[in-house]
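**Q** Spelled out, the chains give:
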Amino acid sequence: MTTYIVRRLLQAIPLLLGIVTLVFIIVHAAPGDPTAMYVHPGVSPDVIEQMRENWGLDRPIHIQYLSWLRSFLTGDLGVSLTQNRPIVSILAERIPNTLILSGTSLVLIFAMGIAIGIVQAVRQHSQLDHALTLGALFIYSMPSFWLGLMLILILAYKVHLLDWWPAVLKFPASGMTSVDYDLMGGWSQLGDRLHHLVLPSIALGVASAASVARYMRSSMLEVIRQDYIRTARAKGLPERAVILKHALKNALLPIVTLLGLYIPFLFSGAVLVEYVFSWPGMGRTIVDAIYQRDYPLVMATTFIFAVLVVIANLIADILYAVVDPRIRYE
Amino acid sequence: MRRAPRFGTVVALLLAGCGEGGERAQQPEFIPDSMRHGGTAVVAYHVEPSSMNQFASVDNISLELQNFVLFTTLIRYDENLQPVPYLAERWDTAATSDGMALSFHLHDDVRWHDGRLTTAHDVKFTFERIKDPRTAFPNQSLLALYDSAAVQDSFTITFYLRRHPGFLDPWRRISPMPEHVLGNVAPSELGQHRFGSESPLGNGPFRFVEHRSGDRWVFEANPDFPQSLGGRPYLDRLVYRVIQESTTSLSELLAGEVDICLSVEPHQVAEIEANPTTRVLSFPSLSYAFIAWNGRRPLFQDARVRRALTLAINREQIVQTVRHGLGIPAKGPVPPFHWAYHEDLKPLPYDPDSARALLDSAGWVDRDGDGIRERDVIRASFELRTHPRADREDIMTLVQADLAKVGFEVQLRVQEAQSLRRDITSRERPFDAFVLGWTADFRLDDRILFACSQLDAPFQWASYCNPRVDELLDQVTRIEDRSQALPLWHEYQEILQWEQPFTFLYYEVRPNGVRERIRDVRMDARGDLVNVNEWWIEPAARRSVN
Numbered sequence: 001m002t003t004y005i006v007r008r009l010l011q012a013i014p015l016l017l018g019i020v021t022l023v024f025i026i027v028h029a030a031p032g033d034p035t036a037m038y039v040h041p042g043v044s045p046d047v048i049e050q051m052r053e054n055w056g057l058d059r060p061i062h063i064q065y066l067s068w069l070r071s072f073l074t075g076d077l078g079v080s081l082t083q084n085r086p087i088v089s090i091l092a093e094r095i096p097n098t099l100i101l102s103g104t105s106l107v108l109i110f111a112m113g114i115a116i117g118i119v120q121a122v123r124q125h126s127q128l129d130h131a132l133t134l135g136a137l138f139i140y141s142m143p144s145f146w147l148g149l150m151l152i153l154i155l156a157y158k159v160h161l162l163d164w165w166p167a168v169l170k171f172p173a174s175g176m177t178s179v180d181y182d183l184m185g186g187w188s189q190l191g192d193r194l195h196h197l198v199l200p201s202i203a204l205g206v207a208s209a210a211s212v213a214r215y216m217r218s219s220m221l222e223v224i225r226q227d228y229i230r231t232a233r234a235k236g237l238p239e240r241a242v243i244l245k246h247a248l249k250n251a252l253l254p255i256v257t258l259l260g261l262y263i264p265f266l267f268s269g270a271v272l273v274e275y276v277f278s279w280p281g282m283g284r285t286i287v288d289a290i291y292q293r294d295y296p297l298v299m300a301t302t303f304i305f306a307v308l309v310v311i312a313n314l315i316a317d318i319l320y321a322v323v324d325p326r327i328r329y330e
Numbered sequence: 331m332r333r334a335p336r337f338g339t340v341v342a343l344l345l346a347g348c349g350e351g352g353e354r355a356q357q358p359e360f361i362p363d364s365m366r367h368g369g370t371a372v373v374a375y376h377v378e379p380s381s382m383n384q385f386a387s388v389d390n391i392s393l394e395l396q397n398f399v400l401f402t403t404l405i406r407y408d409e410n411l412q413p414v415p416y417l418a419e420r421w422d423t424a425a426t427s428d429g430m431a432l433s434f435h436l437h438d439d440v441r442w443h444d445g446r447l448t449t450a451h452d453v454k455f456t457f458e459r460i461k462d463p464r465t466a467f468p469n470q471s472l473l474a475l476y477d478s479a480a481v482q483d484s485f486t487i488t489f490y491l492r493r494h495p496g497f498l499d500p501w502r503r504i505s506p507m508p509e510h511v512l513g514n515v516a517p518s519e520l521g522q523h524r525f526g527s528e529s530p531l532g533n534g535p536f537r538f539v540e541h542r543s544g545d546r547w548v549f550e551a552n553p554d555f556p557q558s559l560g561g562r563p564y565l566d567r568l569v570y571r572v573i574q575e576s577t578t579s580l581s582e583l584l585a586g587e588v589d590i591c592l593s594v595e596p597h598q599v600a601e602i603e604a605n606p607t608t609r610v611l612s613f614p615s616l617s618y619a620f621i622a623w624n625g626r627r628p629l630f631q632d633a634r635v636r637r638a639l640t641l642a643i644n645r646e647q648i649v650q651t652v653r654h655g656l657g658i659p660a661k662g663p664v665p666p667f668h669w670a671y672h673e674d675l676k677p678l679p680y681d682p683d684s685a686r687a688l689l690d691s692a693g694w695v696d697r698d699g700d701g702i703r704e705r706d707v708i709r710a711s712f713e714l715r716t717h718p719r720a721d722r723e724d725i726m727t728l729v730q731a732d733l734a735k736v737g738f739e740v741q742l743r744v745q746e747a748q749s750l751r752r753d754i755t756s757r758e759r760p761f762d763a764f765v766l767g768w769t770a771d772f773r774l775d776d777r778i779l780f781a782c783s784q785l786d787a788p789f790q791w792a793s794y795c796n797p798r799v800d801e802l803l804d805q806v807t808r809i810e811d812r813s814q815a816l817p818l819w820h821e822y823q824e825i826l827q828w829e830q831p832f833t834f835l836y837y838e839v840r841p842n843g844v845r846e847r848i849r850d851v852r853m854d855a856r857g858d859l860v861n862v863n864e865w866w867i868e869p870a871a872r873r874s875v876n
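For the record, the sequence lines run as chains A and B. If you count the first sequence from 1, position 273 lands on 273 in the numbering used here, and the numbers rise without skipping. In the numbering used here, each residue carries its 1-based index in the second sequence increased by 330.
By construction, these hints were calculated from the structure, which means they are not laboratory data. Backbone N, C-alpha and C define an ideal beta-carbon position, used for all residues, glycine too. It is possible that some hints are incorrect.
Said to hold, decoys possible - Some chain A residues well away from chain B (every beta-carbon gap over 10 Å; in silico):
no., residue
1, 12
2, 59
3, 123
4, 291
To be verified - For lysine to any residue, the following SDA-like pairs were computed, each having C-alpha atoms within a straight-line distance of at most 20 Å:
no., chain 1, residue 1, chain 2, residue 2
5, A, 158, B, 461
6, B, 461, A, 44
7, B, 461, A, 170
8, B, 461, A, 24
9, A, 158, B, 609
10, B, 461, A, 263
11, B, 461, A, 48
12, A, 170, B, 812
13, A, 158, B, 601
14, A, 158, B, 605
15, B, 661, A, 49
16, A, 170, A, 160
17, A, 170, B, 607
18, B, 461, A, 160
19, A, 170, B, 577
20, B, 461, A, 41
21, A, 170, B, 586
22, A, 158, B, 576
Unchecked claim - Listed next, the stretches of chain B that the computed footprint assigns to chain A, with coverage defined by at least 3 CB atoms under 8 Å from CB atoms of chain A:
no., segment
23, 566-572
24, 584-592
25, 748-758
26, 859-873
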């Protein structure tokens with residue numbers, strides 16, 4: 001297993017190098033450059049030239065690439081040209097925020113999806129099954145940013161107009177913490193953070209939860225028709241144990257592979273959801289960096305996203321081996 | 331739906347000085363000065379300020395936070411845009427052989443937030459770094475008139491410069507930076523120094539507390555801010571939050587999480603007005619929207635054609651539908667906030683019939699009956715561009731429909747901002763016409779837009795050249811007495827209205843959403859935060875922290 005992990009990690013190196021090289025070429029091929037935001041009637045062309053010199057943009061593109069690569073390989077990600085600060089400190093602020101949001105969503109996706117899928121499979125063709133199918137399809141078809149706006153409109157604004165609505169269900173529409181966060185006590189701080197997580201993680205995760213529920217339902221249906229389930233029932237086990245102990249583990253196999261698929265999906269979804277909820281994460285950083293042609297920041301953020309996706313896929317493969325003893329990695 | 335405020339009321343509000351919320355302002359019960367202190371005000375805007383470092387940033391909100399919150403400028407403008415003392419308690423001027431000497435006498439009790447005094451050496455340091463080309467300070471041209479600086483004593487500095495009516499203007503825009511913090515930083519590294527985003531040290535009414543990138547900047551009141559500059563601000567804390575999505579910031583404003591929402595969408599104004607806890611403060615900003623006609627294209631070379639284009643565009647309709655009334659149909663490049671604005675000039679009306687007659691007389695006639703005019707072999711057909719922004723795209727659609735009625739064929743193209751900028755500023759001018767916004771300056775100088783000498787420069791989009799306009803634009807930079815310059819400014823606006831190098835669409839009125847609990851908020855073209863040190867919150871309505 002260890003050799004497998006090491007091999008996968010080694011394989012990832014050329015992949016990541018290829019990705020950053022491709023991104024470097026694409027972002028430099030896009031019209032404009034980071035000085036464009038300074039192009040203004042009051043700004044003389046000499047100043048712009050000086051800036052390009054200070055930032056090393058006056059050198060030929062292959063030299064820029066090699067010099068970027070050299071400092072990148074030595075662990076120096078450079079300085080953001082738009083935020084005027086070291087990229088390492090930007091990433092240190094932003095990566096945890098995105099991981100918190102997508103991690104919460106991930107838990108939500110699988111917990112909700114699996115639970116709903118099981119219920120539907122066990123009560124196949126019941127009214128409840130049809131209702132949940134309809135609900136899942138409805139939610140699945142909603143774009144996350146639109147769902148986010150609707151959640152804000154209803155749960156962060158309209159309910160403020162109702163006196164009888166409990167305060168804990170009036171959610172904040174933006175940010176990770178309240179304005180007075182620093183003045184709160186420990187438990188209130190935790191509560192405040194969770195309160196801020198509710199709407200964005202629902203917006204980010206609920207559509208995927210709906211699709212997990214669909215997968216879970218069909219996978220479960222397949223499993224409970226197997227002979228060993230019939231055997232389990234025949235020997236008199238309660239239905240609850242049959243489903244949760246015997247059927248669930250096998251039904252989960254195809255679901256675990258979804259994990260590897262959903263993590264990249266979550267990161268790209270985070271771009272929109274972070275925008276709508278003003279969540280200070282990586283998604284917004286990368287989009288702003290691209291618009292402003294902040295080359296070093298674009299490179300660093302795409303690299304981080306690529307690494308996260310590679311790691312996520314690796315975890316999914318390892319998990320696959322854990323739940324399915326038939327899979328052996330040499 | 332509530333009606334959007336009508337153009338007339340908006341203007342009336344503006345002329346009244348855009349104070350507290352127009353007719354909605356109720357007379358507040360009197361609250362003594364001592365009880366006004368305290369509370370946190372939250373300001374939200376969709377732009378992340380790039381830096382608190384004067385040497386780096388150019389975006390407006392960074393400048394406002396620097397000049398009104400964290401630092402102090404030497405002078406300020408009052409409501410009439412007349413310079414008044416601020417960090418400099420007074421100044422005097424003397425003529426020299428080749429220009430003038432300008433001496434600022436600084437207050438001797440303004441301290442950096444680490445306790446050191448702000449002195450003339452800080453001013454000189456800032457001046458020299460700005461002038462140093464290695465710093466690549468974006469707005470170097472601000473000090474183009476300035477040659478050198480000499481420190482007379484700790485609180486007196488003298489500048490030597492060439493004469494210009496706006497010679498003081500740079501000093502309402504530049505805040506001195508602390509030499510004892512940044513003095514040892516190499517000029518080429520100043521712009522990106524961590525001072526700007528992680529540890530700014532100011533000398534203004536508020537101190538820096540915290541910056542979380544993409545999220546917020548937190549400032550707290552500076553209790554030692556000298557009385558002569560306004561003293562300690564009433565607010566305890568000022569939090570600036572970045573909220574990009576306008577629907578999100580609106581719901582935060584209405585739900586009470588945000589106190590001031592800068593630049594709300596025009597279509598949100600009615601809802602903010604309808605809510606009893608919020609109001610809208612609007613004022614004419616420095617910006618106007620326009621269509622530039624590329625004068626190198628045969629179609630746009632005749633002033634009669636350009637005038638016909640303007641007559642054919644229903645600008646009042648654009649203001650009503652795109653801006654929900656928050657705009658003033660424009661008559662030229664001088665916005666209404668400016669003293670040189672031509673009050674008596676009437677904007678060109680919406681008059682498609684006159685437009686048709688003008689086009690006929692200019693030789694543009696539809697000969698083949700396809701609905702599109704032509705002259706010789708040239709068809710009256712062109713491409714109109716803009717960058718991706720909902721209001722600009724709406725404007726294009728309305729213009730296309732209006733111009734179709736008088737025989738123009740307009741193709742629309744929405745182009746990514748940077749690639750559009752590359753096209754319009756390139757020497758070849760590979761465009762026909764575009765819709766964009768322009769932000770005027772207090773020290774108005776339109777030579778860059780319309781002077782013959784600029785024909786090959788990046789901003790002479792119209793390729794417009796009129797020797798009389800050149801003469802006027804040069805003269806107004808030499809006359810210090812406003813009343814003498816005014817007739818020249820008026821003539822300039824009259825000529826431009828006749829020749830229409832641009833179609834000036836509207837002057838923008840900027841709506842800001844404000845919660846009623848925040849008192850004494852004044853906003854105008856000088857800035858949204860211009861009197862932030864005077865804002866206060868009703869004691870009963872302050873946030874409670876558990």
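**Q** Given the proposed pairing of residue 461/B with residue 48/A, does the C-alpha separation stay at or below 20 Å?
**A** Since the Cα atoms of residue 461/B and residue 48/A sit roughly 14 Å apart, the hinted pair holds (cutoff 20 Å).
**Q** Just to be careful, I want the Cα atoms of residue 170/A and residue 160/A compared with a cutoff of 20 Å; is the pair within it?
**A** holds, 7 Å
**Q** Does residue 812/B lie within 20 Å of residue 170/A when you go C-alpha to C-alpha?
**A** violated, 56 Å
**Q** Can we confirm that no CB of chain B comes within 10 Å of the CB of residue 291/A?
**A** Not fine: 8 Å to the nearest Cβ puts residue 291/A too close to chain B.
**Q** Starting from residue 158/A, check that the Cα of residue 601/B is at most 20 Å away, please.
**A** Roughly 13 Å separates the two Cα atoms, so the pair holds.
**Q** The segment 584-592 of chain B covered by chain A? Criterion: 3 or more residues, Cβ-Cβ distance below 8 Å.
**A** That given contact holds, which follows from 4 residues of the segment 584-592 of chain B lying within Cβ reach (below 8 Å) of chain A.
**Q** Could you let me know if the closest chain B CB is still more than 10 Å away from the CB of residue 123/A?
**A** Per Cβ check, residue 123/A is outside 10 Å of chain B; nearest 38 Å; holds.
**Q** Keeping to a limit of 20 Å between CA atoms, is the pair of residue 158/A and residue 609/B held or broken?
**A** holds, 18 Å
**Q** Between the alpha carbons of residue 461/B and residue 263/A, is the straight-line distance 20 Å or under?
**A** Violated, at roughly 50 Å.
**Q** Does residue 41/A lie within 20 Å of residue 461/B when you go C-alpha to C-alpha?
**A** Holds - the C-alpha atoms of residue 41/A and residue 461/B are around 18 Å apart, at most 20 Å.
**Q** Given the hinted pair residue 158/A and residue 576/B, is their Cα-Cα distance within 20 Å?
**A** holds, 16 Å
**Q** If you draw a straight line from the CA of residue 170/A to the CA of residue 577/B, is it 20 Å or shorter?
**A** Roughly 17 Å separates the two Cα atoms, so the pair holds.
Checked against the numbered hints given earlier, this structure breaks hints 4, 5, 7, 8, 10, 12, 15, 18 and 26; the rest are met.
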